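Turn these sequences into a full structure, and let the hints guide you.
Chain residues, written in single-letter form:
Protein chains: 2
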Amino acid sequence: MARQGLTRADIIEAAIELIEDEGLHSFSLRELAGRLHIKAASLYNHIKSSDELHTEIGYYAISELKKAQMAAIAGKERAEAVKSLADAYYRFGKERPEIYKVILSLPMVRNEAIHTAGFDIVDPIMTAMAGYHLTREQMMHLQRVFRSIMHGFISQEEAGCFRQFPVDVEESYRMAVRGFILLLENSEKEARA
Amino acid sequence: MARQGLTRADIIEAAIELIEDEGLHSFSLRELAGRLHIKAASLYNHIKSSDELHTEIGYYAISELKKAQMAAIAGKERAEAVKSLADAYYRFGKERPEIYKVILSLPMVRNEAIHTAGFDIVDPIMTAMAGYHLTREQMMHLQRVFRSIMHGFISQEEAGCFRQFPVDVEESYRMAVRGFILLLENSEKEARA
DNA sequence: TATTGTGCGCTAACGCCGTTAGTTTGTCAA
DNA sequence: TTGACAAACTAACGGCGTTAGCGCACAATA
Numbered sequence: 000m001a002r003q004g005l006t007r008a009d010i011i012e013a014a015i016e017l018i019e020d021e022g023l024h025s026f027s028l029r030e031l032a033g034r035l036h037i038k039a040a041s042l043y044n045h046i047k048s049s050d051e052l053h054t055e056i057g058y059y060a061i062s063e064l065k066k067a068q069m070a071a072i073a074g075k076e077r078a079e080a081v082k083s084l085a086d087a088y089y090r091f092g093k094e095r096p097e098i099y100k101v102i103l104s105l106p107m108v109r110n111e112a113i114h115t116a117g118f119d120i121v122d123p124i125m126t127a128m129a130g131y132h133l134t135r136e137q138m139m140h141l142q143r144v145f146r147s148i149m150h151g152f153i154s155q156e157e158a159g160c161f162r163q164f165p166v167d168v169e170e171s172y173r174m175a176v177r178g179f180i181l182l183l184e185n186s187e188k189e190a191r192a
Numbered sequence: 000m001a002r003q004g005l006t007r008a009d010i011i012e013a014a015i016e017l018i019e020d021e022g023l024h025s026f027s028l029r030e031l032a033g034r035l036h037i038k039a040a041s042l043y044n045h046i047k048s049s050d051e052l053h054t055e056i057g058y059y060a061i062s063e064l065k066k067a068q069m070a071a072i073a074g075k076e077r078a079e080a081v082k083s084l085a086d087a088y089y090r091f092g093k094e095r096p097e098i099y100k101v102i103l104s105l106p107m108v109r110n111e112a113i114h115t116a117g118f119d120i121v122d123p124i125m126t127a128m129a130g131y132h133l134t135r136e137q138m139m140h141l142q143r144v145f146r147s148i149m150h151g152f153i154s155q156e157e158a159g160c161f162r163q164f165p166v167d168v169e170e171s172y173r174m175a176v177r178g179f180i181l182l183l184e185n186s187e188k189e190a191r192a
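Protein chains in written order, with my numbering: chain A, 0 to 192; chain B, 0 to 192.
Each hint should be verified, as a subset may be incorrect.
One copy or two, it doesn't matter: identical chains are merged, so the pair holds either way.
Simulated crosslink set (EDC-like; lysine to aspartate or glutamate; CA at most 20 Å straight-line) [to be verified]:
{"no.": "1", "residue 1": "38", "residue 2": "12"}
{"no.": "2", "residue 1": "188", "residue 2": "170"}
{"no.": "3", "residue 1": "100", "residue 2": "156"}
{"no.": "4", "residue 1": "65", "residue 2": "30"}
The hints are simulated quantities; they were obtained by calculation from the structure and are not laboratory data. Owing to the predicted nature of the structure, the values given are computational and were not obtained by experimental measurement.
See the structure below:
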């Protein structure tokens, strides 16, 4: 095969494309290599392992999500900001489910670099809540609650766990967000007291 | 190898044990066979495929979770019932993380049998909410919200996503549950109106 | 322009994985 | 006692990630 001077960036890009096209579950180094018209073993000239590539794609996914979220909350405050943020999150999960799954499958535990990238996830939420009169500690707890609701909802819908009942999923989603905003308001009252 | 008359139930039981011991991620038919002192191919005398075994373990996991939940809400009402239910859910996720992961990894989409087993998950939640004056439709939405919060929280904690801040995870959990109860009370007011 | 060194892509192979086909063999019932 | 069934076996296939070692194309240098 004529040499084509592939770079590490080319490989990461192709991997993202492959995941978006075929799904994370059927991703393999051999398939990725096939798309690039090289053999699987040749990938190792650019990456250390499948895991490392996976982490790299994780960086990309997190930065994309953060970008969408920051754009969503720009110029907004309080409930409006939180709703927009949630919508951006929800839309990302629905529109790019495979990339979203990459974020979920990141092993936060061991990888310190990914761990700090986690702040990219936290950042927009903290910003959106800034308009509420909350203590810093309350915000730390509340961002966890927000992420739990969003992640839980998206992944259960994606897994098909919402099909028991024929009621509208978007309506359930709105209730979930409303619940979080109620909690924000309630926490604000507590902080004032 | 001397014949030992293994049954399908023996194999499922051993698989559950193996998953609880070694983790879902490192589960394999060859390892399972090893534990039973047979060859991997011999497993196929009892099961149709790895997927089918996986589904079978899923039934077990769901029934275990339901059992814990039903016990938790017995004789309780309203907020007390919901809190107990949440605690049982949370405890299950923390105490049996690998078995909990089996539930999460079930492909609800295709398998109709598992789909109906999903009602085992819904059932305790609906029961716990029975004391609130809600419409049936509200309850269908609210059980989705409850499951989203619980699943989201457990899986993010398990994945190590809550380590950015040094605040107590249990406290975050209590806030999440409080948020859901606020939503229940708020929905009740709406239903009365 | 000729030479040399770097690094990209190759082949071959290893040890895993799930799975199938075909075979032996123990056990229980007729 | 014999026959049938079922439980276990061996051997093999194609997939996976990964490693070692080779050769060739290209770029920089003399």
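Item to check | 20 Å Cα threshold - placement of residue 170 relative to residue 188 | outcome: Classified as between: cross-chain Cα gap 18 Å, same-chain 27 Å, threshold 20 Å.
Item to check | 20 Å Cα threshold - placement of residue 12 relative to residue 38 | outcome: within (17 Å within a copy, 42 Å between copies)
Next on the checklist: Regarding residue 65 and residue 30, is the shortest C-alpha distance of 20 Å or less found within a copy, between copies, in both, or in neither?
Outcome noted: neither (29 Å within a copy, 41 Å between copies)
Checklist entry - Should residue 100 paired with residue 156 be assigned to within, between, both, or neither, using CA atoms and 20 Å as the limit? => result both (13 Å within a copy, 16 Å between copies)
Comparing the model with each numbered hint stated earlier shows that hint 4 is the single one that does not hold.
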